[in-house]
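**Q** Residue strings, one per chain:
2 protein chains.
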Amino acid sequence: MNRYSYLDHLECSRCGSSHEAGTVQSVCACGAPLLARYDLEALAEVCRPADLTARPASLWRYHELLPVSSEAGVISLGEAVTPTLRLPRLGEEMGLERLSLKDEGLLPTGTFKARGAAVGVSRARELGVTRIAMPTNGNAGAAWAAYGARAGIECLIVMPQDAPRVPRAECAIAGARLYLVDGHIGDAGAMVAEAIATQGYADASTLREPYRIEGKKTMGLELFEQLGWRAPDTILYPAGGGVGLIGIHKALRECQQLGWMSSRSPRMVAVQASGCAPVVKAWESGAAACEPWPEPATAAFGIKVPKPLGDFLILDALRSTDGCAVAVTDPEILSAQAELAGMEGLYICPEGAACIAAARNLRGSGWLHPDEEVVVINTGAGTLYSRLLREHPPVLPKGARIPAL
Amino acid sequence: MNRYSYLDHLECSRCGSSHEAGTVQSVCACGAPLLARYDLEALAEVCRPADLTARPASLWRYHELLPVSSEAGVISLGEAVTPTLRLPRLGEEMGLERLSLKDEGLLPTGTFKARGAAVGVSRARELGVTRIAMPTNGNAGAAWAAYGARAGIECLIVMPQDAPRVPRAECAIAGARLYLVDGHIGDAGAMVAEAIATQGYADASTLREPYRIEGKKTMGLELFEQLGWRAPDTILYPAGGGVGLIGIHKALRECQQLGWMSSRSPRMVAVQASGCAPVVKAWESGAAACEPWPEPATAAFGIKVPKPLGDFLILDALRSTDGCAVAVTDPEILSAQAELAGMEGLYICPEGAACIAAARNLRGSGWLHPDEEVVVINTGAGTLYSRLLREHPPVLPKGARIPAL
Numbered sequence: 003m004n005r006y007s008y009l010d011h012l013e014c015s016r017c018g019s020s021h022e023a024g025t026v027q028s029v030c031a032c033g034a035p036l037l038a039r040y041d042l043e044a045l046a047e048v049c050r051p052a053d054l055t056a057r058p059a060s061l062w063r064y065h066e067l068l069p070v071s072s073e074a075g076v077i078s079l080g081e082a083v084t085p086t087l088r089l090p091r092l093g094e095e096m097g098l099e100r101l102s103l104k105d106e107g108l109l110p111t112g113t114f115k116a117r118g119a120a121v122g123v124s125r126a127r128e129l130g131v132t133r134i135a136m137p138t139n140g141n142a143g144a145a146w147a148a149y150g151a152r153a154g155i156e157c158l159i160v161m162p163q164d165a166p167r168v169p170r171a172e173c174a175i176a177g178a179r180l181y182l183v184d185g186h187i188g189d190a191g192a193m194v195a196e197a198i199a200t201q202g203y204a205d206a207s208t209l210r211e212p213y214r215i216e217g218k219k220t221m222g223l224e225l226f227e228q229l230g231w232r233a234p235d236t237i238l239y240p241a242g243g244g245v246g247l248i249g250i251h252k253a254l255r256e257c258q259q260l261g262w263m264s265s266r267s268p269r270m271v272a273v274q275a276s277g278c279a280p281v282v283k284a285w286e287s288g289a290a291a292c293e294p295w296p297e298p299a300t301a302a303f304g305i306k307v308p309k310p311l312g313d314f315l316i317l318d319a320l321r322s323t324d325g326c327a328v329a330v331t332d333p334e335i336l337s338a339q340a341e342l343a344g345m346e347g348l349y350i351c352p353e354g355a356a357c358i359a360a361a362r363n364l365r366g367s368g369w370l371h372p373d374e375e376v377v378v379i380n381t382g383a384g385t386l387y388s389r390l391l392r393e394h395p396p397v398l399p400k401g402a403r404i405p406a407l
Numbered sequence: 003m004n005r006y007s008y009l010d011h012l013e014c015s016r017c018g019s020s021h022e023a024g025t026v027q028s029v030c031a032c033g034a035p036l037l038a039r040y041d042l043e044a045l046a047e048v049c050r051p052a053d054l055t056a057r058p059a060s061l062w063r064y065h066e067l068l069p070v071s072s073e074a075g076v077i078s079l080g081e082a083v084t085p086t087l088r089l090p091r092l093g094e095e096m097g098l099e100r101l102s103l104k105d106e107g108l109l110p111t112g113t114f115k116a117r118g119a120a121v122g123v124s125r126a127r128e129l130g131v132t133r134i135a136m137p138t139n140g141n142a143g144a145a146w147a148a149y150g151a152r153a154g155i156e157c158l159i160v161m162p163q164d165a166p167r168v169p170r171a172e173c174a175i176a177g178a179r180l181y182l183v184d185g186h187i188g189d190a191g192a193m194v195a196e197a198i199a200t201q202g203y204a205d206a207s208t209l210r211e212p213y214r215i216e217g218k219k220t221m222g223l224e225l226f227e228q229l230g231w232r233a234p235d236t237i238l239y240p241a242g243g244g245v246g247l248i249g250i251h252k253a254l255r256e257c258q259q260l261g262w263m264s265s266r267s268p269r270m271v272a273v274q275a276s277g278c279a280p281v282v283k284a285w286e287s288g289a290a291a292c293e294p295w296p297e298p299a300t301a302a303f304g305i306k307v308p309k310p311l312g313d314f315l316i317l318d319a320l321r322s323t324d325g326c327a328v329a330v331t332d333p334e335i336l337s338a339q340a341e342l343a344g345m346e347g348l349y350i351c352p353e354g355a356a357c358i359a360a361a362r363n364l365r366g367s368g369w370l371h372p373d374e375e376v377v378v379i380n381t382g383a384g385t386l387y388s389r390l391l392r393e394h395p396p397v398l399p400k401g402a403r404i405p406a407l
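Sequences listed follow chains A and B, in order.
Residue 3 is where the first sequence starts when you use this note's numbering, and the numbers rise one by one after that.
Residue 3 is where the second sequence starts when you use this note's numbering, and the numbers rise one by one after that.
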């Protein structure tokens, strides 16, 4: 009988050392993230893409490439396959004939963070974890708090005081232990590290547990399957911690090793905000890792990460796919958000809108060609950020006439 | 070749008169809503439930039972089939062994209103409509504004000044003409009626155009298919305008006429807030229609409808299925919302939470049996209503220790 999961072991992303996958792990002794490795040879023999077609339209359709060892271990809030939508009018206006958007705002809790939380929490519970802790810019905390509640796992969440308000409410109502810190996500991370060391929480910080990225990887698997097991020419991704980008790249390599896809890679583009662009700075200088960004500031709060732990993996994904890293300004982000909503009806989060703005700039510079297939990853719903808008609709008294245009 | 849609004509829900489906229609001359009628005999001959299994997991999988005449006419923002999730812990605590929730918060714009807008806007565009107008408590306006933008249809939206803030932002960013009124949705409706008469908008008000309900109907189709073309014992639905309930009931009857389902009906329950319960009042007094509720007041804003146009259709659905209508208080609603989030990780809207509260009360009264299959319809995401929460997480300075529990 085929296995539900073909997880084999964990491998250090820097030193390559092997680690047991059957127990709770964090990072390697060398400090780098651990990546899940699967028995792809065995899987290739028993499973072909066509075998997936009849399965339910959820991320669990890729269960062989996920770490959860049985269906009984799945903690779900209903993670449907997210749509990849053509943007014909905006694309025409921008000079990109084949522009699409994968809308992750339709996942539980309203962001792509649900993927990492669904898989990470399921695996944590399977391994016997009862308490987890993590720093967050908001949305990851909201997702882990929700899936944690569903799984009966206690969550300690620390987020910056100036983080968006909605994820606060999500954490609170799910019953998480929630603290705010007068600082950025790096400061929250240091405090969480101390709590982990002294209070017995499992570390669920970005890339400090090995399975969140496996959930994020399914963004890539879904996209490739939606295109008929084919990669688009270019993928634009808003990079904070960068796990989604690393995950999509990992999905690509696994599909190629499985023989499910050709060796052709999409160009991977990391999009950042000009007020917090450590990856762009490292990319432009040819550095192998990032310097911490001194005073991070952007309305795209989810990508306000001054020093991603997986920086070298992000940079490697960009380099090995002939991609690039670009920054856009907050005014460009907010303008792209409004433009997309007005032209296509999609109200997306500022992080996703950063990628729309970047696509426009990259088309302007000639880096993107008019006829190439470009996919933008929108990581969350715009409704989570409605406080960014300052609409002032006219107020009429009862019975008043609505003015003619 | 099979037709994409088996729409045949429109029928008055009160006087039974027949109306042409190929032109823009509003209500019957007698004032009652028009309902879409399909050539179910012809459809039954060419389509069986098994023929649907391989189709994409979106509401358009039921296209034969929808009014849009070709796939090219579909305006989509990615309406995935929404999950029906078991609530094992909350169910156990409430004494309902088989309690589930269909989570409509995962649709575009965050509510079930996307169903009505997707189908209503698609059909409107197909019929040549370029401008629509509607009153709304918020979420329907947000959905129609979004789909309207996607379709290139101008939207005039009027909502109460005290409506939730998020849908305002959604309407504004989608480019709708948005007005607030110092009154309730009935007041907004009167002003929209005037604008329709004088400014040439098509009427998209609840049940004043015949196709929104066809979109809502797919909630029922999805649920029945998810259960293996079978109805649960009981469905609880938060009734404002009541279109979803009427739609689910219509779906049931169509599936029965098609021979896709048995003649057994689920008991349909209309849930209202005690501060605005015209349907409950009519139900309890045995009346055939509602009296306008004098001073509507509830935190569950979406069901704050003082006099639904389709009241007699709602009451008929309750009667003909041995259902009932019940009201719950705002404190019961907010408490059910928190309880569900804490026990199952689902942060739902107050309207959906009203149904959870109602299920508890109906179990307490013995109306619901411990072992019956109960499905609650959650009509939207809790994140759209985060301002209802008053969380005050502790704020720590950078570098502070997180207190031990």
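The hints are simulated quantities; they were obtained by calculation from the structure and are not laboratory data.
C-beta atoms are modelled at their ideal positions from N, C-alpha and C, and glycine is treated no differently.
There may be inaccurate statements among the hints.
Said to hold, decoys possible - With the C-beta cut set under 8 Å, the calculated list includes, among others, these residues of chain A facing chain B:
| hint | residue |
| --- | --- |
| 1 | G24 |
| 2 | V26 |
| 3 | L42 |
| 4 | L54 |
| 5 | A343 |
Stated by the list, open to error - Footprint (simulated), chain A over chain B, 3 or more residues, beta carbon under 8 Å:
| hint | region |
| --- | --- |
| 6 | 9 to 18 |
| 7 | 30 to 42 |
| 8 | 105 to 116 |
| 9 | 181 to 194 |
| 10 | 264 to 278 |
| 11 | 343 to 357 |
| 12 | 369 to 381 |
**Q** Checking against the hints above, which ones are violated?
**A** 1, 2, 3, 4, 6, 7, 10 and 12
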